[in-house]
Amino acid sequence: MLKIRNLEAGYGKLRVLRKVSMHVSAGEIVAIIGANGSGKTTLLGAISGLVGATSGEIRFQDEDLTLLSASRIPARGCVLVPEGRQVFAAMTVEENLLLGGHPLAREKRGELDGLLAHQYELFPILRERRKQLAGTLSGGEQQMLAMGRALMSRPSLVMMDEPSTGLAPLIVRDIFAIIARLRQEGNTVLLVEQNAKAALAIADRGYVLETGKVIIQGPAEDLLANRDVQRAYLGREKLEG
Amino acid sequence: MTSELFLQYLVAGITYGSIYTVVAIGFNIIYNTTGIINFSQGEFVMLGGMVAITLHNFMALPLAILLAVLITMAVGAAIEMLFIRRLRSPSVLRMIIVTIGVSILIREVALHLWGSGVRSLPYFIGNEITTIKLGPVFVSPQVLWVVGTCLVMVVLLLLFFQATSLGREMRACAANRVAAVLCGIETRNMVTLSFVLSAGIGALAGAVVSPITYSQYDNGTGLAIKGFTVAILGGLGNSLGAVAGGLLLGVVEAFSVSVVPLAFQDAVAIAVLLLILFVRPHGLFGSGATAAMKEF
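Residue numbers (the numbering used here), protein chains in the order written: chain A, 1 to 241; chain B, 1 to 296.
Hints listed in this document are in silico derivations from the structure and should not be mistaken for laboratory results. Do not rely on the hints blindly, as some may be mistaken.
[What the hints assert, rightly or not] Here are some of the chain A residues that sit facing chain B, going by a computed Cβ distance under 7 Å: (1) ALA70; (2) SER71; (3) ALA75; (4) LEU80; (5) PHE88; (6) ALA90; (7) MET91; (8) GLU95; (9) LEU99; (10) PRO103.
[To be verified] SDA-like, lysine to any residue: derived pairs with alpha carbons at most 25 Å apart: (11) A:LYS3 to A:ILE215; (12) A:LYS131 to B:ARG171; (13) A:LYS13 to B:VAL92; (14) A:LYS108 to B:PHE160; (15) A:LYS213 to A:ALA201.
C-beta: ideal position from N, C-alpha, C; glycine also.
Input sequences plus hints: build the corresponding full structure.
The following block contains the structure:
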C-alpha cells in the first residue's frame, strides 16, 4: 500500500531523514519507534506533504505523494493524526468531525451522517460532548477526537504521531485498545511512538529510527526480543516508570 | 439636551455605527483566515461607492450597485492572488505591509480615474430632505437603507459561517491552519475567498452610505481607521463584538458633537482606539486568554 524508497527530507538545509526505505501493507499496524529527534515526526510529515522531500519517493497506491500538495493527500486516502492532536479548539466536537469528512468526494458527502454515527460508536464520549468546544476536552478526549476526525474520510491508511504523549496510563491503554480495534475493522495503521513497548505490543512489524536512518526492522515480536532494542528503547522505560 | 435631540443623535450614531461594523467585520473575516490586518479594507468601501456612481451614469441604480460590488470583489481576489499569495515567506508583518502598499496603490489609481472631486449616489428613495417620522424622530429613508443593509449582511454572514460547510471550512483555517490542511482543505482558496467576501461587504456598505457621507478617492482611509478601532474594540476576529463595538463607537462619536466641535469627531475615535489599546488590548469582549494565542 505504502512504499517508501530512499527518502530524504528535512527543513531548509537541515537534512533529517537519510535514505529511509520502508513499506506498509494493507491491514497491518506498523510501528516506528525511536528517540526524540530521530526523525519519526519528519517521516510522517513527509508522507502527508507537510515536509518537503528532497529526494526519494513515497508510493502510495501507485501514486507518488511527493508530487502532491499536502491538502490533496487526504483525499487519496492517507490521513495523519498529528502530534499534539491539533483539534479545532474553538469549534464543536461535531464540527471537528464533519471537517474530517472534507476529503470525501462530493457524491459521498451523503454518507457523513453514517460516518459520524460510526465515530460516536467507536468513541462514545465524543457523542456526549458533541456540542462542546473541542478546546474544553481533556487530553485523552482530544486524542480520540483527532482520531475520529481522521477516520471520518474512511482513509485506507491512518498515520498516528505520538498518540500517547501527555496522557495518563489508563487512557493510553484505551487509545491503544482502539488502535488495535481499528486493525480488526480492516484499517491500516502507521504508528509513531516513543512508548515503544506499547506500540510494539499491538503492531505487526516495526522500524527503529535513529538519527534519520532505519537501523533495525522486523516483526514486532522480534524487535521486542532484540537485545539492542531492549537496551535502547524498552529498558529505559523501566528506569523511568 | 431634549429627548428629541437625544434620539436624533442616537439615530445618527447607529447609522455610522452600522457602517463601522461592516468595515470591522471585513477586517475580521480576513484576520480570521490569515491572521493579518488588511489595511486596504477601507479602499473596498471607497471603490464600492465610486464604481457604483460611475456605473450609475449608464444603468439603473440597483444594477450599478450590484456590478460595483462584483467588481470590488474581483479587485479583492486580485489583491490576494497578485500580492499576498506570491509572498515567498509570508510572515504576518510582511503581509500587513503589503496591504498598506496596496491601499496606497488603489487610492492613487482612484485619484487618476476620478480626480479629487466629491461625488455621491442619489438617495435610493426621495432626496436629501425626504424624512420619515419614526416616533419622535425624523430620519432619512437612506438611514434605514444603511442600517437595514448592514443588519442583513451581518445576519447572512453569521449564518454563512455557522451553518454552511464552506463557512465551517473557513473557520477551520482560522482555528488551525495545519489541521485544516490535514483535513484536505485548500487553505489558499479560503484566503482568496476571505478577500472576496470582505471586498463584497465593504463595497456594498460603501454604495449604500454614499448618498449620506459622499464618496471621494481617499475616504476609505478614515473608514478603515474607524473600522479598525471597532474591530479592536470588539476583540479582533469577533464579529458579534464588532456589532456592539460599532454601535458603541458610532453613538459615542455622535454624542461627542454636543461636547466638542465637529472637527474633533475623528479625534474622538482615535482617542477611543488608544484608550482600548492601553487598557484592554484584547478588546471589550475578547478574552485575554485567546488574545495571548494570537500573533497580534
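Going through the hints against the structure:
| no. | hint | in the structure |
| --- | --- | --- |
| 1 | ALA70 | holds (5 Å) |
| 2 | SER71 | holds (5 Å) |
| 3 | ALA75 | holds (5 Å) |
| 4 | LEU80 | holds (5 Å) |
| 5 | PHE88 | holds (4 Å) |
| 6 | ALA90 | holds (5 Å) |
| 7 | MET91 | holds (6 Å) |
| 8 | GLU95 | holds (6 Å) |
| 9 | LEU99 | holds (5 Å) |
| 10 | PRO103 | holds (4 Å) |
| 11 | A:LYS3 to A:ILE215 | holds (17 Å) |
| 12 | A:LYS131 to B:ARG171 | holds (16 Å) |
| 13 | A:LYS13 to B:VAL92 | holds (23 Å) |
| 14 | A:LYS108 to B:PHE160 | holds (22 Å) |
| 15 | A:LYS213 to A:ALA201 | holds (23 Å) |
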